[in-house]
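K.L.:
Quick mapping for you: the protein sequence lines, in order, are chains A and B. With numbering that gives the first Met the number 0, letter number 168 in the first sequence gets 167, and the count goes up by one each step, no holes. With numbering that gives the first Met the number 0, letter number 213 in the second sequence gets 212, and the count goes up by one each step, no holes.
These are computed hints drawn from the structure, not numbers from a lab. There's no promise every hint is true.
A few chain A residues facing chain B, derived, Cβ under 10 Å [claimed, not checked]:
no. : residue
1   : T44
2   : V100
3   : V150
4   : V225
Remember, it's a predicted structure, so these values are computed and weren't measured experimentally. Backbone N, C-alpha and C define an ideal beta-carbon position, used for all residues, glycine too.
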Amino acid sequence: MIEPVTELRQERPAPRGPLFARRRTSSTPAALWIGATIAVLMLLTTLVTLFLPLDGAQTTDLAARLSPPGSEHPLGTDQLGRDMAARLLSGFAWSLGIGAVATLLAMLIGVVIGILGGWYPGIVRAVLNRVIDIGISFPFLVVAVTVVAVVGRGFWPLALTLGAVSWPTVARVVYAETLSLREREFIVAAKLIGVRGPWSILTHLLPALRPTLQVIAAFTFADLLVAESGLSFLGLGAPLGDATWGNMLADSRAFLASAPWMMLAPATVIVLAVLAANLLGDGLSARDRLRNKRGTTA
Amino acid sequence: MVDVRTSPRSPGVELALSMARNAAVRLLQVAILLWVISTALFFLLRLSGDPAHTMAGENASPEMIEQIRVQYGLNGTFIEQYQAFVGQMLVLDFGASLSTGRDAMELVLEQLPPTLFLAVAAIAINIVVALPLGGWLGTRPETGAKRFTGVLVAIVQGVPGYVIGLVLIQIFAVSLGILPSVTGGGAGSVLLPALTLASFQVPKLVRVVASSVAESMEQDYVRTALANGATPSEVLFRHAMPNALLATTALIGAQFAFLLSGSLITEYLFNWPGLGLLLVNSVTRLDFPVVQAAVFVIALLVFVVNTVMDLLFQVADPRLRRR
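For reference, chain B alone in the conformation it holds in the complex (with noise of 0.2 Å):
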């Protein structure tokens, strides 16, 4: 749509300011959702109790909740505890771990890496699992053996990743006794929770991927590539699957943010040590510094894969970018 050519400046120049201004515009976002979120807890914590007394729990003594009310400015009034709590985030200052006494911002970075390792192996497996499958899938002729995996792709589909989580752990660890169920983020141990991971992750793609082949395969370019002799396959791998790409990035993209995020239930049943099992405890805990600092990071990870995904759209096709 826009004709790169009629602008004064290079193609390059104008890529790159309008990568720039994509990534300004999600940061905004990212900060904008940051203070809805953190608003939101702000209010709800106060409206529902006094947050004293639920940060100390159900047995602490008065001067227990008394240090904790000084020492997190609940003494003040409503408005300056409000002042308080936003100028610390801007300097996002999160506090310390009501549990460990930690730094909590430590402790969220702490978990990064088993659940950068944990996302990568997951979308991994999905990858080397979907792109095939799809490519099969969305070929022709339509045999019964195709069928029949789409409905089960379907039907895998519908199934939870924690009912497919404890079913593998009945399986591989407890009736063979292969792979360890409860990991402690070693290499040897990311097999189950990553194939957890993949095994709700992967119907999604393959069925974009089918979709995606299936529709370039009616197209006009692939009739005239078949008349001029090329085979089957030739079509595919060079015409089909390279058209489906676009579709398929967007999707892993999505996918990825999602795993950064934490998955949380996949890594509680696994005990994974990521940052989804330290937000489930945390949040079980009531550890609100580590709470808050979590979703921190969680937002700006999903805001950087978003933003390298743009990026990589942009470079990939010219229509996308702004003007």
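For reference, chain A alone in the conformation it holds in the complex (with noise of 0.2 Å):
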């Protein structure tokens, strides 16, 4: 699939200014140390909650409802006098964990379906290219609405549902990566002295798919974000009354007049997982680029 045009712009220098030719050399792109800092702050927070007693998450008192940020609330109270900052925190296992979950599920499955359709050639390609044909062009959370709607809300229901929804995604990038790679070299010489089908794909492939599997979950992590807390703001993810971020942000919707704290706190951390799992994506296939340009392997 590449061009040689593709080849010679690489020739080009990269363009102006101190500062840039400083980023462009190293192989560390600012995206994916901006993405990595945040990332590792939101999981070391999320391991301090693990141990945090976030009483007020769902201790009401009703005297104090609403009440905007101040010293006893530092983020304010909802309309049910709960503290936003502990539900804010409590949150973070609850999002992350099913992000982690689900994404996990998605891969297993995305990378299974993939490489089989890639490597095999013949009807196991023809059937698996269809299925990843089906399943890409159906919105999937349309199905998980549906399922959920049956199973019941929770964390396992919904990060499994999630993860079985939104493995098509995963397996189309997995199966176009193996069918490039098993033309390269080292795949063929290794199928040339005798290196059986499977433990080819586990000792050649898998690690050649390496660099994308990794820039392809970061991405599918932050689309699982989105969905989960997505879900719970339709009122069909997280119980209700739970302390997760989509229930914050369905909680303050009728409440935008009076309390916007109630809408910009649970906005924000969302947003910031969001940029990070984003921004790790786009720093990873940055650096990915950066090494084969140089012609050293990831």
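Hints in hand, dock the two standalone chains.
P.N.:
So this is what it looks like as structure tokens:
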């Protein structure tokens, strides 16, 4: 798929500026640094919240309902007087946990189907290619909404459903990448000296796929974070009343005029988390391009 | 790849045949998809408890549950139930809504026009904003303003639609009080939901337009045109933008298909009376006949859009015609 034109373009000198020149020569792009920093901070916060007694998250105090951010409640309170900061912190483990489990499941299914379809020609490829086609053409949120309604709310139903409906994008990328890697010298050579297919997949294909998998995992995670909080926002994700970002946003809808802080806090955290995952994906793929350009392997 | 001239048939016949084949393949795919989804629903509904109980709700009397059981054929064996279910699917009989008692398909079709209206409005905003912006971002030289816009686009792409929707409501409906936040599906109230939908589609389109324009600008024919004395803007509009149209049209088609499927969250947020809102409400009420009718119509719409896009591409690009 790579046309000669791309090769030519890579020879061009990187454009302008002393500041810029430095960034271009480093193999770690700025996006990767910023994304990784936010991600690590969020992970640490999540770990800390697991050991914090966040009682305020469910304690209602109707006398202090809808109080603005202040010394007692740093992020204010909601319509039932629950502390916004405590609720926000309890949301970390829920959202990031579901995102992680769902991403893992989507990657697992996507990688298996993508590799099988890309590696084995003939009937396997024809069938799996169609399966991916069908899956990718249908908006997965519609399926997720329907399934969650039947199997019920909660961490595991939501995480597994999201993972089970979002794999086609992963499979499509892995499939295309496998198709092209399969023709590369090192894999053809392995085949010629008698390495069997399954062994070659494990020892040659999967390591070569790793950079691609990292990038697609980051983007899938971002998408699933949005999907999870979206479902909770619709009242179809987290159990009602639980302290999750999506539920907090849903609560804020009725009080946009009187208590805008109810919307701002969860919205900021969701945007930060999604941004971090997207930056990680962008940064990783930029780094891979830089490394390939220099002829060093990732 | 396919040399049309060697074929004994005329190009027109060839094109028509190829279109028909593509449409048939897609139709088969939709049928399989619908079968998989509805079968999965059938089993999930029965594995997660007594469906008659689920449908009747928590406060239903035993008589009501029994009535539903008879009405929906839930008193037979598992196999009998599945046979009846598939039979109804084949004749497109989705039954009556559990909450209103009206025909499920009728309810779904009623919600279609507002969704279409919203989708067209959102795509119009999307195109009007993204094409010029992408074209501008794709041309050289790379200025500070362009780099800044590029970063901004990347950030907006990461913001979930419902966050943007809430912020828009906060600004336009609450603070300024110009636009209504809760909509009735009318023409004046389409602006905020359409802007919300466009806001997370514009960044993607901008990026695709910008990268394909940038790629075209590197090509030899652009250099030749410039050497022949064409101005940069002539090159952009005559050579680079038309060349970017293929990738752009593909993405717009995919985005339109997504919008037609009833943008669940945006319609719910603005109380827009479309397919998405109906689906969310029916799912919340466990109104399964309506859910199945809605999923069926959505799958059909996605099929229609994808097929039309296929046809457009084959008309535009002969390389895509199948043998």
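K.L.:
Enumerate the violated hints, using their earlier numbering and listing them in ascending order.
P.N.:
1 and 2
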